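K.L.:
Read off the chains here:
Number of protein chains: 2
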Amino acid sequence: MNAEIVCIGTELLLGHIVNSNASYIARKLAELGVDHYFQTTVGDNPQRLSSTIRTALSRSDIVITTGGLGPTIDDITSKVIAKTIDRKLILERAVLKDVAEYFRRQNKKIPKDSLRQALIPEGAKWLKNSFGTAPGLIIEQGAKILIALPGPPREMGPMVEDHVVPYLRSRSKAGQILKSKSLRLTGGVEAKVNQKVKDLLRLSGPVQVGIYARLGEVELKVMAKAKNEKAADNEIKKLERIIRKRVGSYVYGVDEETLEGAVGNLLAKRKKTVAVAESCSGGLLANLITNISGASDYFKSGIVAYSNDSKVNDLDVPADIIKKNGAVSTQVAKKMAAGIRNRANVDIGIAVTGIAGPKGATKKKPVGLVFIALSTKKKSNCRQFNFSGLRTEVKLQTAQAALNMLRCELL
Amino acid sequence: MNAEIVCIGTELLLGHIVNSNASYIARKLAELGVDHYFQTTVGDNPQRLSSTIRTALSRSDIVITTGGLGPTIDDITSKVIAKTIDRKLILERAVLKDVAEYFRRQNKKIPKDSLRQALIPEGAKWLKNSFGTAPGLIIEQGAKILIALPGPPREMGPMVEDHVVPYLRSRSKAGQILKSKSLRLTGGVEAKVNQKVKDLLRLSGPVQVGIYARLGEVELKVMAKAKNEKAADNEIKKLERIIRKRVGSYVYGVDEETLEGAVGNLLAKRKKTVAVAESCSGGLLANLITNISGASDYFKSGIVAYSNDSKVNDLDVPADIIKKNGAVSTQVAKKMAAGIRNRANVDIGIAVTGIAGPKGATKKKPVGLVFIALSTKKKSNCRQFNFSGLRTEVKLQTAQAALNMLRCELL
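Line by line, the protein sequences are chains A and B. Count along the first sequence starting at 1, add 519, and that's the number in my numbering. Count along the second sequence starting at 1, add 519, and that's the number in my numbering.
Hint data in this document are derived by calculation from the structure and do not stem from the laboratory. This one's a predicted model, so the numbers in the text were calculated from it and none came from an experiment.
Any copy, or any two copies together, can satisfy a pair, since identical chains are not distinguished.
Using 20 Å as the maximum straight-line C-alpha spacing, the simulated DMTMM-like pairs for lysine to aspartate or glutamate come out as follows:
hint: 1; residue 1: Lys698; residue 2: Asp752
hint: 2; residue 1: Lys647; residue 2: Glu912
hint: 3; residue 1: Lys547; residue 2: Asp681
hint: 4; residue 1: Lys700; residue 2: Glu530
hint: 5; residue 1: Lys698; residue 2: Glu530
hint: 6; residue 1: Lys711; residue 2: Asp617
hint: 7; residue 1: Lys715; residue 2: Glu738
hint: 8; residue 1: Lys790; residue 2: Asp816
hint: 9; residue 1: Lys700; residue 2: Glu759
hint: 10; residue 1: Lys627; residue 2: Glu912
hint: 11; residue 1: Lys744; residue 2: Glu530
hint: 12; residue 1: Lys740; residue 2: Glu550
Chain A extracted, bound-state conformation:
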């Protein structure tokens, strides 16, 4: 079985709202193991909507629409569906009763416009809307299934959970399920990771791997289709082992884990404390670390030493070292890291200094040049990076690289 999603609403075409319904339903279909090849968005125009539904029914087993079931004159979905599949529009008394009841609960009379919502295509099964007045519809048309859902996510979501998922599960033959697991990587570029797992990305069939890149981060998603959860988990485990063998050192976490969360877990586990000294990242590193609940157990303090005075006064960087090497230098980064470690009396001090841009670059020190130093009681090291992008992107890559150095130190 394969399905197709049709989102209806001129407001989507005007860009007033982001279409979150499509991704919500897509995720549900994936979890059910139902294939899904197309999503279309159309406005409240009868001809274009009708032709879109006709095309969808011609190429997919299941067509799911959202939107256009409300009480206003713009809401044309029921009418257009009826016309497209050649059925009459009839007044469904049970829907009328349900809509009237909805208004009665609010001590209101049913508005005249809402009467239209009880007009549905003949033979359609209607779905109760627990959070609004627009009923959902399931229409079986030969071997095809047409499902119409309301547009507002808070009405559509519960209706999918309560009615559509059970219905589709009962209709799907074999009963395959799809499971997935994401491995999250940092510290390598997309192309490098891509190169190492290229063959896996070409897998087709019941087990597949997808690659998704964000700034400074790559996600490898392993997806398995199988008869049951256990079989799917087994398939995923096999592939995960292969991936970790090739790019394991870049993997910081799985699924919804964040780099700052992974680092936080390591700090808590190793019972180490940390403090940060930031110049070009301007507080972002501390901000990320403190996004994790419980960070106060291991994060003690951060100093955003933006001016040279602050580097001298708050981090004990000798003024002559700044003068000799410049504020953006290995030497200053190392002094900053040692300074914050001593000041905050912690196990690990991390410091960053660099040029976030777009101003402040010199011939020898371009935008994106960043030094990150890590200081412990036993050692001190510093790495040089050359990032590119906007100011905020250089900041983000800097903070991520610092978190990754911290992670590697703790491993």
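Let chain A serve as the given structure and place chain B on it in line with the hints.
P.N.:
Relative to the frame of chain A, chain B by itself:
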């Protein structure tokens, strides 16, 4: 002229990400006055992608695709476009040079896979990607226009602004234009602003007002359709005056301006310097301030005093004041603000202390309780806030409120 958007990526069909590109491009088309009737999403499948592009070209004047231009094996857009419109794929040396340059800036060799990105359909005009390696494409095919853009929003957005909007503007025949201006508000809740401009939100016709709410922020967008820019500007000006009369004190900026940018401008204009002391916001306030290029002119330093020790040692808060009132209190906030102002030798010190949650609350001090203090040579004041939401949401509202206090102080 009418346009159609085709979003390409199996990750969209799997619901892994919400499709924000479609609404972004839709908004740009609306601003250009270009009609737009369909959006389609397809996966990385050559047959289905090709048939989707063919359908789109048959019914629309302009087809804009996003996604599938990256270096990986999944990225098939250029190849499929070339095949669909019957052109050869050629190696464009200028693209190759640009991609190589991108990696050279990062002191990296061009990965083998990235070479594929220089293969583009013959006769295509390529668009420079300032934030990645995937070039955009503009292809004129008879009277039709095909535009291919990269998928990542941070690459796609600037390319649309810099290349696609000017190109489409030059191609569109006279007619009507649509202009808009956004007023950005903070410090009031959405419902309050909504109440005051309710009648304006109901305007229909050539001038309209939209309201969009984000956490701690409201955007009022005035849109005018007119024969030319001047007429549209006039209509917008009229409505802006009315809005400012009603809610002017909440307006911090217009269009793409950010609160931290507006505050930065004020600091620069008044020649004032600032330093921040943060507890619950954990560095976010410093991070926002330093997102603005040129912040080093007015921002001197920040201290993230997460532990009580740090509040005492780095900000000179007397330990007995913490003991007596607790770290989350007016008294401690005020001492922190005075402490950072003295330490950093700046005109204004701002300090925040609060409970970001989800842990750390007590009966008397619930999650979301935040004190923000502002200290100058002449005075010191402190405000109490009660925010709600997730940990990161409390942090964001805290930082915004602090920026707004700073803004009001500077006005």
